[in-house]
Structures are given as C-alpha cells and as structure tokens.
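Undergrad: Chain by chain, the residues run as shown.
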Amino acid sequence: MSTWTPSELQRERIAYRRARARRSTLIAVVSSVVLIALVAVGIGSTPGWPRVRATFFDFHRGWEALPIVAQGLWLNIRVMLICAVLIVIFGMTLAIMRTLRGPIFFPLRVFAAAYTDVFRGLPLLLVIFLLGFGVPALQLRGLPNQAVIWGGAALVLTYSSYVAEVFRAGIESVHPSQRAAARSLGLTYRQTLRFVVLPQAVRRVLPPLLNDFVSLQKDSGLIAVLGVIDAIRAAQLETAEDFNFTPYVVAGLLFVALTIPLTRLTDYVARRQGWYGGGGGPV
Amino acid sequence: MSLLSLRGVRKVYGENVVLDGFDLDVDAGECVVLIGASGSGKSTLLRCVNLLETVDDGVVELAGVDITDPRVDADKVRSGIGIVFQSYNLFPHLSVLDNITLAPIRVHGVRRDVARGRALEMLERVGLADKATAKPDELSGGQQQRAAIARAMVNSPQLMLLDEVTSALDPELVGEVLDLLRELKSEGMTMLLCTHEMAFARDVADRVCFLHQGRPLEVGPPAQVLDAPHEPRTQEFLRRIRT
Numbered sequence: 001m002s003t004w005t006p007s008e009l010q011r012e013r014i015a016y017r018r019a020r021a022r023r024s025t026l027i028a029v030v031s032s033v034v035l036i037a038l039v040a041v042g043i044g045s046t047p048g049w050p051r052v053r054a055t056f057f058d059f060h061r062g063w064e065a066l067p068i069v070a071q072g073l074w075l076n077i078r079v080m081l082i083c084a085v086l087i088v089i090f091g092m093t094l095a096i097m098r099t100l101r102g103p104i105f106f107p108l109r110v111f112a113a114a115y116t117d118v119f120r121g122l123p124l125l126l127v128i129f130l131l132g133f134g135v136p137a138l139q140l141r142g143l144p145n146q147a148v149i150w151g152g153a154a155l156v157l158t159y160s161s162y163v164a165e166v167f168r169a170g171i172e173s174v175h176p177s178q179r180a181a182a183r184s185l186g187l188t189y190r191q192t193l194r195f196v197v198l199p200q201a202v203r204r205v206l207p208p209l210l211n212d213f214v215s216l217q218k219d220s221g222l223i224a225v226l227g228v229i230d231a232i233r234a235a236q237l238e239t240a241e242d243f244n245f246t247p248y249v250v251a252g253l254l255f256v257a258l259t260i261p262l263t264r265l266t267d268y269v270a271r272r273q274g275w276y277g278g279g280g281g282p283v
Numbered sequence: 001m002s003l004l005s006l007r008g009v010r011k012v013y014g015e016n017v018v019l020d021g022f023d024l025d026v027d028a029g030e031c032v033v034l035i036g037a038s039g040s041g042k043s044t045l046l047r048c049v050n051l052l053e054t055v056d057d058g059v060v061e062l063a064g065v066d067i068t069d070p071r072v073d074a075d076k077v078r079s080g081i082g083i084v085f086q087s088y089n090l091f092p093h094l095s096v097l098d099n100i101t102l103a104p105i106r107v108h109g110v111r112r113d114v115a116r117g118r119a120l121e122m123l124e125r126v127g128l129a130d131k132a133t134a135k136p137d138e139l140s141g142g143q144q145q146r147a148a149i150a151r152a153m154v155n156s157p158q159l160m161l162l163d164e165v166t167s168a169l170d171p172e173l174v175g176e177v178l179d180l181l182r183e184l185k186s187e188g189m190t191m192l193l194c195t196h197e198m199a200f201a202r203d204v205a206d207r208v209c210f211l212h213q214g215r216p217l218e219v220g221p222p223a224q225v226l227d228a229p230h231e232p233r234t235q236e237f238l239r240r241i242r243t
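As given, the protein sequences belong to chains U and Z, one line each in that order.
Just so we're aligned, residue 1 is where the first sequence starts under full-length UniProt numbering, counting upward by one.
Just so we're aligned, residue 1 is where the second sequence starts under full-length UniProt numbering, counting upward by one.
Just chain Z, with the same shape it has in the complex:
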C-alpha cells in the first residue's frame, strides 16, 4: 500500500480551480517530483498534503488514514510530515540550534538535552555543525536552506515535502542542497517535491509527475516523462524550459 495517496483532490481559490480532481500515489521510500508551469498547482498540492490548505473535495490518505477528514487532529498529522519552503522560513529570532529544537521540545516533549544532541547530530549531517549558535541571517542562502531541511528532518517525519527548495538560491549554492536531498533519498526517505531543476529531477526522481490544469497530465519514470513525453503539453513545457 502506498504511504501517501491522493484521490480526486480539488482546491479552488474563488473562481480559480487550482487542483481539479487530482490523483497520485507515493510509495514508502519513493521520490516523486512534481513539475509544471508556474501556477499549475504544485505548491498548492504540497500545502494540501500538509493541511496548510483545506481541500474542497477529495481525499488525502497518509499511511491509510484520511487526513482530510475534519475530525483528525491537523497538528498531529503535520508533526509527522516535514516540509521545506522555497524561502526557508527559519525563525529569525532564534539561533539555528533553537530553530531545530523548537518542535522536538515543544511538540514532541523531547528533553532539552536530548533534543540538543539530536539537533547537533542533524547539523553535523547537513554540514552546519559550526553554525549552531548563529542566527539565520548570518548564514548564506544555501546554509539557511540546509538548516531548514535539518529542522524538518529532526522529527523523523514519515514524509518530506519540498517546495522549490532551490529556487531562491544562487546557482553555486544549489548543489550543496541537492547533494543533501540525494543523501536523504538514498536513506529511504519518502519525498514529494516540486522543482524547476530538471537535471535534479532526472537524477533523484523515481517518478516524475507533470501537472497541467490542476491534473497530473503525465506520470512516469523520469526517462519517459522528461526524455520521451507522450503528451504535447509536456513536450512544449520541457522545450520551453530547456531553451
């Protein structure tokens, strides 16, 4: 059974139908990359999975549980999902370490020293061990984004959502973040992410999903969707971003 399953998900903003009966399954340990033009609903999809948006119809199931049911505890669901945003969204008033230990201490009830230990371990992994006491604005964009990934990872989420995590970075900083994501993938983390980095998508994705008009128009292994797309819309999109 798939870890994450979306069936007929619909999301509307006023007159604008962003997701129009969206179906997608993500297996445990799988990495699915969403691609598509701006405004095709990639970010909205991720926000719906994380319950930052309420769906207007359809079902999102995480590990067999319907998390779109209004009776579920959204905070509990969210605490099992890691999300990383395009603009990092680190808390500027907290040090890097405190950013990472906030949720373990306040949400998961982890003891302060244990949380610190785990956070330091995590910082070591993302290569920021020497930045624990720094404030976010003292870090480069790439470092901030790696700290944000560490913050999302420290709760050992079942699923990671990554929303254009390299879009705000200088090209030379993109590499360090993508390396980190590759590593997560190799450790078996389930990931649903959207990106404009086609090379990265090809490298890390088990499947690529092309979004068009609120639906998954074409889903398949990167070799098929990115290199030999069937749909004319997919072909056109890929042609445009390549030039």
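Only chain U is shown next, with the shape it has when bound in the complex:
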C-alpha cells in the first residue's frame, strides 16, 4: 500500500543493514587486496622468478603468438559445438535405452549399461589414440581419415557416456506419481516420456549437463595429440621455435575466457531453478 511509510525503528534497521553490507564489502575488498599483494610479493621474491617470467609471461611473445593460437582455438570451438550436439543426441538415446522397461528391450538395456561402463572408465586420451591412429590404420575405404574427425568421434563416444548418466539420473528423479498421472490420462509410454518425464528431467539436470560441456571445451584440446592444429598444438609449435612457453599461457587464457561465459550460464540456470535453496528466507 502506498500509504505505508517505514517507522523510525525500521528506518534505523534498514540503515544498520546497509552499514553492515558496506562493511562486508569493505572487508572483502581489503582481504582481496591483501591476499593478492601477498601472493604477488611471495612469488616475485623467489630467486627463479625473473627467469620464469621471461619464459612464461613474455608479453611481446604472447602478443605475437595470439593470432596463431586464436586460429587454433577456432577449431576447438567448432569441434566443441558439433560434438556437443552429437553428445546430447547420443547421451539421451543411451539414457532412454537404459530406462526402457519390458523384457524385449533387455539387449538394449545391457548394451547401454555396458557402453557407459566402458566409456566412462576408459581414459579419453586412450580413446583418442585408438580412434585417431587405429581406425585410419585399418585402411578401410570410404572412411574419412582426417585426424580431427576421429578426435571428435572420440570426444563424442566418451562424453556421451557421461551425459547419458546425467540424463538417466534426471529421468529417474522424476517421481513415479508423474508417470502414473500421465498414463492414467491415456498417454502411451512414449508420450509420457516425451511430454511429462523428459521435460522435467532435462530441466533438473541442466546445471550438471552444462558442467560437462564446460569440461568438453577444455578436453577438445586433447585432440592435439593427433597432430590437429588446435589452440594447444598451435601454442606447442610456437613454443618449439624459441623455447618460450608464453604461447601455452596464451592458449590457457583463451580457454578460460571461453569457459567463463558457459560457467556463468550454468550458475544463472541453477539459480533460476532454485538449486541454491529457494524460498528459505534469511535462514
């Protein structure tokens, strides 16, 4: 109501809370500055620092390497985007396969379970080697033998198993009463899954899913081992010229810059869904 004006006491309380908030901000600023200064002084005073700085943090060398590394990063981004789409499709398929009911689907269930068991356990690097060097060595006709495609395939195979488990957890977290309600309305198993279960499941697992994609962005750098010139490989080539490691640092910074927006998106989605405890008041 517009007629209400805060009482003297309430104004005092608001002022007090504001003062507390200001104090908190001040403490945060001071403690941050002190910590950063301590770290800077601590590292700067080590005997080897001038050398480390010359080898890893050479600004001019970094600036020189930036366009080449950034070009490599563009490959990472394309690999990441294409793989992400395929991973969602495969992951979802595997998750649905694993939650199918009825004896006729037994082989599908076993396949999905075995697949996730194997590919969650296998180190990604090994899968990349197997596909990247092993498949082209078979010399089968009609199969592409570009390293980037097999590297991407390895990413898709491995990450599909992670994402399948995330989806499965989401599907199983939807309360059985939801299925009962949907089936009682005459929806078929498929319709129930599509219109009732999956929408709730996907919404619920979106934050951990985005987490996996942040991780995928970084792991897309692993395909460098196949000789593909991505950001990491480009940095390596640059480094090989003069043994200055700054290009690696540049690549690292670019990866961080790439993952930060996705991380923030994850936070935003999580908060909007009340993952951080909604409706609790000041408790």
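For the record, the hints were derived by calculation from the structure and aren't laboratory data.
Just so you know, not all the hints are guaranteed correct.
Stretch-level coverage of chain Z by chain U, calculated; a stretch enters the list once three of its residues show a Cβ under 8 Å from a Cβ in chain U [claimed, not checked]:
#1 97-109
#2 131-140
If you anchor each label on the Cβ, the simulated ranges turn out as follows [said to hold, decoys possible]:
#3 Pro70(Z) x Thr263(U): 31 to 41 Å
#4 Val12(Z) x Leu26(U): 24 to 34 Å
#5 Glu231(Z) x Val202(U): 31 to 41 Å
#6 Gln158(Z) x Pro199(U): 19 to 29 Å
#7 Gln178(U) x Arg215(Z): 35 to 45 Å
#8 Ser156(Z) x Ala181(U): 38 to 48 Å
#9 Pro199(U) x Asp227(Z): 49 to 59 Å
#10 Ser215(U) x Tyr13(Z): 31 to 41 Å
#11 Ala15(U) x His108(Z): 44 to 54 Å
To give an idea of the interface, some chain U residues facing chain Z are shown, with a C-beta separation under 10 Å as derived from the structure [what the hints assert, rightly or not]:
#12 Trp4
#13 Ser7
#14 Arg13
#15 Arg17
#16 Phe111
#17 Pro136
#18 Gln139
#19 Arg141
As the structure is a prediction and not an experimental result, all values here were calculated from the model.
Heads up, the beta-carbon is just placed ideally off N, CA and C, and yes, glycines get one too.
With chain U's structure known, arrange chain Z on it following the hints.
TA: Same frame as chain U, now just chain Z:
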C-alpha cells in the same frame, strides 16, 4: 509482562501485503490459536516469530528482548523456540532418535548419552518409544508428526509454534496429535498455533485470534470469537468452514 509481544509487524512479498501492522500479545503459559482463511498470513506470522522471515517493520519481542533487531543472534533466538511444521520436515536420512538428538548435541552441546536419554524420555512421552531406530518414512503421518513435536520439545523451548500440524494427517490420526498438544498445554507450555480444527481450537485455546487482511480482526476467548463473533467477516468465515 507477556512472553511474546508483536507490535505493528509488517511483512510484504512484492506487492502483496501479508501482515499489515499486526499486534498480538501471548502470556507465558497461554495458548493462542490463529484462525483465518488461506493466505491470511497465519503461517507468515509464525515464520516471522521464528525469524525464518525478516519483518519489514514492527517489533517482535520474546521475553522482553526485541528479536527483530538485526543485531540479535537469530540462531540463538531460534534455539529457544520450538516450531512444528505442517509437513513434519523430519530429516529423512536420520533415524527418529537422531532427528531428536541432532540439535541438543550440535547446538546445545549436550553430551551424546545425555541427549539420547532425554530423547528416549521424550519419545516415551509421545508414545513412540519403540520407534527410536526407525527412519521417518517407516512411520505413519501421525507418528511422524509426534516425532516432530518431540524434536521441537526436547530443547525445552520457551515457546512452541505449531503451523497447521494436523492438516496433512488422516482424520483418524489427527486425534493422537491433538491429544499430545493438549497434554503440552496442561503442562503450561506457551503455544502459538494456527489450525483449521475449530473443535480443537475451542478445546485448547485460551484466546482465539481471527486474521483478516494482515491484521488481527477479532481476538478473544474461544467462546466469544468462535460462538458469538462480533465481526461480520469472522461470522462469514466460521459459517463457511462449518458447512
């Protein structure tokens, strides 16, 4: 002096004014029952008293201390108030006994064996002595709610807040919970509760308070408020829930 005193309490959610300058006093040993339509602010009032909500204006005093002052230690205030929720809110991963001993051990620093002894005594009182090791989902609704009351009571609170504690129960289970509350009342526990059980309100309340549009519209002994209300709004509310 009253144990609990609310003066001009205001609580707003966005545009919605839930409590609009609410005044109420509860004496030590008194049982005040809040009634009113859904959304009239009964639960919000209880949550404000327990500091689960921050009031937007006004004062809540417990034993003469302004607990709405932002400088007070909310955890300390809350540990002296017992609250029981409509949906029990027992911790599903803990046994009934561990639910009850959690706060005494972790908050009040009671020794484990002492806390267990006290919890068992409390379970005996609420008639659940044989359920100490059970998990909440192995109990009926009435048993869960009695366990929740035991959990709130074990800290010997000065004040008990009860938020629609029988609303989620089957009619046949309501009785066992209400019997327990009657017993607490007879032992002199100060209680502020909201309920839709008018028969219970009449039986246990020293005073009944009818909430309307964020204010206590009518306050008085149950015989007056429930049987001969002055206010037309109170009359209408009582007529509607009786039919």
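Undergrad: Look at each hint and say if it fits the structure.
TA: These are the hints, each one checked on the structure:
Judged by the Cβ-Cβ criterion of 8 Å, the stretch 97-109 of chain Z is not covered by chain U as claimed, because only 0 of its residues qualify and three are needed. Given as covered by chain U, the stretch 131-140 of chain Z fails the check, having 0 residues with a CB less than 8 Å from a CB of that chain where 3 are the minimum. Here the CB-CB span from proline 70(Z) to threonine 263(U) is close to 33 Å, well matched to the stated 31 to 41 Å. At roughly 30 Å, the beta carbons of valine 12(Z) and leucine 26(U) sit within the given window of 24 to 34 Å.
Roughly 51 Å separates the CB atoms of glutamate 231(Z) and valine 202(U), a value that falls outside the hinted 31 to 41 Å. Taking 19 to 29 Å as the suggested C-beta distance range, the pair glutamine 158(Z) and proline 199(U) does not conform, at roughly 48 Å. Take glutamine 178(U) and arginine 215(Z): their Cβ atoms lie about 40 Å apart, and the range 35 to 45 Å holds. Judged by the Cβ atoms, the range 38 to 48 Å given for serine 156(Z) and alanine 181(U) holds: they are separated by roughly 44 Å.
Take proline 199(U) and aspartate 227(Z): their Cβ atoms lie about 52 Å apart, and the range 49 to 59 Å holds. Checked against the hint of 31 to 41 Å, the pair serine 215(U) and tyrosine 13(Z) passes, with Cβ atoms roughly 39 Å apart. Between alanine 15(U) and histidine 108(Z) the beta carbons are some 34 Å apart, a value that contradicts the proposed interval 44 to 54 Å. At a threshold of 10 Å, the smallest CB-CB gap from tryptophan 4(U) to chain Z is about 7 Å, leaving the interface hint in force.
With a cut of 10 Å, the hint placing serine 7(U) at the interface with chain Z holds, because the nearest CB-to-CB distance is about 5 Å. Taking 10 Å as the C-beta contact cut-off toward chain Z, the hint placing arginine 13(U) at the interface holds, the least distance being around 6 Å. Interface hint at arginine 17(U): satisfied, since its Cβ lies 6 Å from the closest Cβ of chain Z, which is below the 10 Å cut-off. A distance limit of 10 Å between C-beta atoms decides the matter here; for phenylalanine 111(U) the minimum to chain Z is near 34 Å, and the interface restraint is violated.
Interface hint status for proline 136(U): violated, as the beta-carbon distance to the closest one in chain Z is roughly 52 Å, over 10 Å. Checking glutamine 139(U) against chain Z by beta carbon gives a least distance of about 57 Å; that is not within 10 Å, so the hint is violated. Here the hint on arginine 141(U) is broken, as its CB sits about 59 Å from the closest CB of chain Z, past 10 Å.
Of the hints listed earlier, those the structure fails to meet are numbers 1, 2, 5, 6, 11, 16, 17, 18 and 19, in rising order.
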